[in-house]
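Visitor: In case you want the letters, here they are:
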Amino acid sequence: MAFAAFGGGGAGAAVAEPVALKRSWVAIGLLAPGLAYLALFFLAPLVSLVLTSLQIAPEGAGKGEYVQAFNWGNYAEAIASYWPHILRSFGYALIATLAALVIGYPIAYFIGVTARRWPMIQALALTLVIAPFFISFLLRTLAWKQLLGENSWIAQTLHGLGWLPSDQTIVGTPFSVIFGLTYNFLPFMVLPIYTSLERLDRRYLEAGSDLYASPATTFRKVTLPLSMAGVVSGTLLTFIPAAGDYINASQIYLGSPQTAMVGNVIDRTFLESQQYPIAAALSVLLMGIVLVIVAIYVRRSGTEELL
Amino acid sequence: MRRLSLGKWLLPLYVALAVVFLVTPIVQVIIYSFNDSRRNNTIWGGWTLDKWLNVCDQQGVCEAFGTSVAVGVVATLIATVLGTLLAIALGRYRFRGRGSTSLLLFLPMATPEVVLGAGLAAQFLAVGMPKGFWTIVIVHALFCLSFVVVTVKARVASLDPALEEAGRDLYGSGPQVFFRVTLPLLTPGIVAAALLSFALSFDDFIITKFNAGQVTTFPLWIYTKKTPPAEANVIASAIFVLAIVAVVVVQVAAAARRKRLGITR
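Residue numbers (numbering that gives the first Met the number 0), protein chains in the order written: chain A, 0 to 306; chain B, 0 to 264.
I should point out that these hints are in silico values taken from the structure, not numbers from a laboratory. Misleading hints may appear alongside valid ones.
Examples of chain B residues lying across from chain A (beta carbon under 7 Å, computed) [as the list claims (entries may be wrong)]: (1) Leu103; (2) Pro111; (3) Val114; (4) Ala125.
EDC-like mimics (lysine to aspartate or glutamate), calculated; alpha carbons at most 20 Å apart, straight line [stated by the list, open to error]: (5) B:Lys7 / A:Glu205; (6) A:Lys62 / A:Glu76; (7) B:Lys225 / B:Glu62; (8) B:Lys225 / A:Glu149; (9) A:Lys220 / A:Asp200; (10) B:Lys225 / B:Asp56; (11) A:Lys220 / A:Glu197; (12) B:Lys130 / A:Glu271; (13) B:Lys225 / A:Glu271; (14) B:Lys7 / A:Glu197; (15) B:Lys130 / A:Glu64; (16) B:Lys224 / B:Glu62; (17) B:Lys130 / B:Glu62; (18) B:Lys225 / B:Asp35; (19) B:Lys224 / B:Asp56; (20) B:Lys224 / A:Glu271; (21) A:Lys220 / A:Glu205; (22) A:Lys220 / A:Asp209; (23) A:Lys62 / A:Glu271; (24) B:Lys224 / B:Asp35.
Here chain B is said to cover these stretches of chain A; the calculated rule only asks that three of the stretch's residues, wherever they fall, bring their Cβ under 8 Å from a Cβ of chain B [to be verified]: (25) 98-108; (26) 131-140; (27) 260-269.
Just so you know, these numbers come straight off a predicted model, no measurement behind them. For each residue, glycine too, the CB sits at the ideal point set by N, CA and C.
Taking the hints into account, I'd like the entire structure generated from these sequences.
Guide: Structure follows, in structure tokens:
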């Protein structure tokens, strides 16, 4: 890490030059504990994960016993056995993210722009949007399982209207998993978009209509570009946890064996069958794909300052 | 004028529906905390206050709750102290490697929970550290750290450097200026970060599952129950009400302060 590089710091500081050196020592003091913590418990585990993903089971080894090797075959095996789960994870996460964007943007717009004149309504709506954060993730997902379950009024109504075949359930389908992902991560979408819309100057919108732009054009050319930073961080904050989530997809929550995502496989192979190398290889793949997507996305949308 | 009425009624109506969608499962959880259930809390058996009055009669739930609170407090302390120091360094000082430090802090947030959980579990396995209370604390402090830095850094960025300069002009020493000017000004940000950390830690399931060993936190306890008894709803509802009250108090206090200072937003 960059510890040794701090000596010449203080370039941008608005203080007199002589303090620069002393101040950079202060900076090292402030940074050292946190960076050491990250090195020890974030970077080192990632290295461990890569090393584990290359391990091999020696002849006659018991369950969960592996030795260090460079067995790249683990990756081939992980992909060959679990490629549907990997595809499913990113597919579900993508649909849930788009759904959350479509559902969440108008909410954020209402709180950030429309409700500005009424601070009480604004505060109330904001509190209601973050309310799901305050109730247990597992219990609110189980509540949906019950609300969408076979005996629920929702399922009964849909059966009654003939919109849902009588032998078809809602829970256990890809729909219910994506529904759960969308619900659970929706606040992560709304909050950053709200933050960027809240700073939006209303006069820009008035200028748009003064120049004879239709509301749709004003939205497309003014509002949306000005809230792009919020859209980017909202979609990332939704997509990343959705891709790695496995509560919604698990059988005792909203899923079935047919909806298992890569997280379910990592959980099972690591904690139950103790196939550590396969679990580690899948984790490395998941993280690698997420990072590539994030990097391309952040670069494409031109919001690097986001970090 | 048709366009205008569309915007006037359609959007509020839509938001009202969205709020119903967001709140429905919460209401469900709270209602079922009053359920006079026998074995299965998915079947309605009538209203009762029993579960609220005798929560701890349900085996293990109060122990799990206590463990979650203890983990949350210790992890929040670690994350808040380390994160505040990092945020001050990033917000106040220019140094080489500042960009890579920011990136390093962003990475844990860009890592799916299951990867963080499996990574630390692989690490603890490799060094032969037994999983338990302290491994949970270590992982929780880790994933809270980045959120603390982001929250406190925003506060550092909004600080007026003139206030610290005034402190130095009045012959305040470095530590004096820090403890009597900088730190008090940062306090709202630090408190918000600590609350966020505690909430994240208290509700975490995935990372915890990989690193808990035999220790049971409140979410792990719910998970092992498959169809959790009403006592789980009681604790979750109580926490929910407390959190909402805290949010309302903070908002009312902020509004009162704005009024006192004569700021009209």
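Visitor: For every hint, state whether the structure bears it out.
Guide: Now for the hints, and whether the structure bears them out:
no.: 1; hint: Leu103; in the structure: holds (6 Å)
no.: 2; hint: Pro111; in the structure: holds (2 Å)
no.: 3; hint: Val114; in the structure: holds (5 Å)
no.: 4; hint: Ala125; in the structure: holds (5 Å)
no.: 5; hint: B:Lys7 / A:Glu205; in the structure: holds (16 Å)
no.: 6; hint: A:Lys62 / A:Glu76; in the structure: holds (18 Å)
no.: 7; hint: B:Lys225 / B:Glu62; in the structure: holds (18 Å)
no.: 8; hint: B:Lys225 / A:Glu149; in the structure: holds (18 Å)
no.: 9; hint: A:Lys220 / A:Asp200; in the structure: holds (14 Å)
no.: 10; hint: B:Lys225 / B:Asp56; in the structure: holds (19 Å)
no.: 11; hint: A:Lys220 / A:Glu197; in the structure: holds (17 Å)
no.: 12; hint: B:Lys130 / A:Glu271; in the structure: holds (16 Å)
no.: 13; hint: B:Lys225 / A:Glu271; in the structure: holds (17 Å)
no.: 14; hint: B:Lys7 / A:Glu197; in the structure: holds (18 Å)
no.: 15; hint: B:Lys130 / A:Glu64; in the structure: holds (18 Å)
no.: 16; hint: B:Lys224 / B:Glu62; in the structure: holds (15 Å)
no.: 17; hint: B:Lys130 / B:Glu62; in the structure: holds (18 Å)
no.: 18; hint: B:Lys225 / B:Asp35; in the structure: holds (18 Å)
no.: 19; hint: B:Lys224 / B:Asp56; in the structure: holds (15 Å)
no.: 20; hint: B:Lys224 / A:Glu271; in the structure: holds (18 Å)
no.: 21; hint: A:Lys220 / A:Glu205; in the structure: holds (13 Å)
no.: 22; hint: A:Lys220 / A:Asp209; in the structure: holds (14 Å)
no.: 23; hint: A:Lys62 / A:Glu271; in the structure: holds (10 Å)
no.: 24; hint: B:Lys224 / B:Asp35; in the structure: holds (18 Å)
no.: 25; hint: 98-108; in the structure: holds (count 4)
no.: 26; hint: 131-140; in the structure: holds (count 10)
no.: 27; hint: 260-269; in the structure: holds (count 5)
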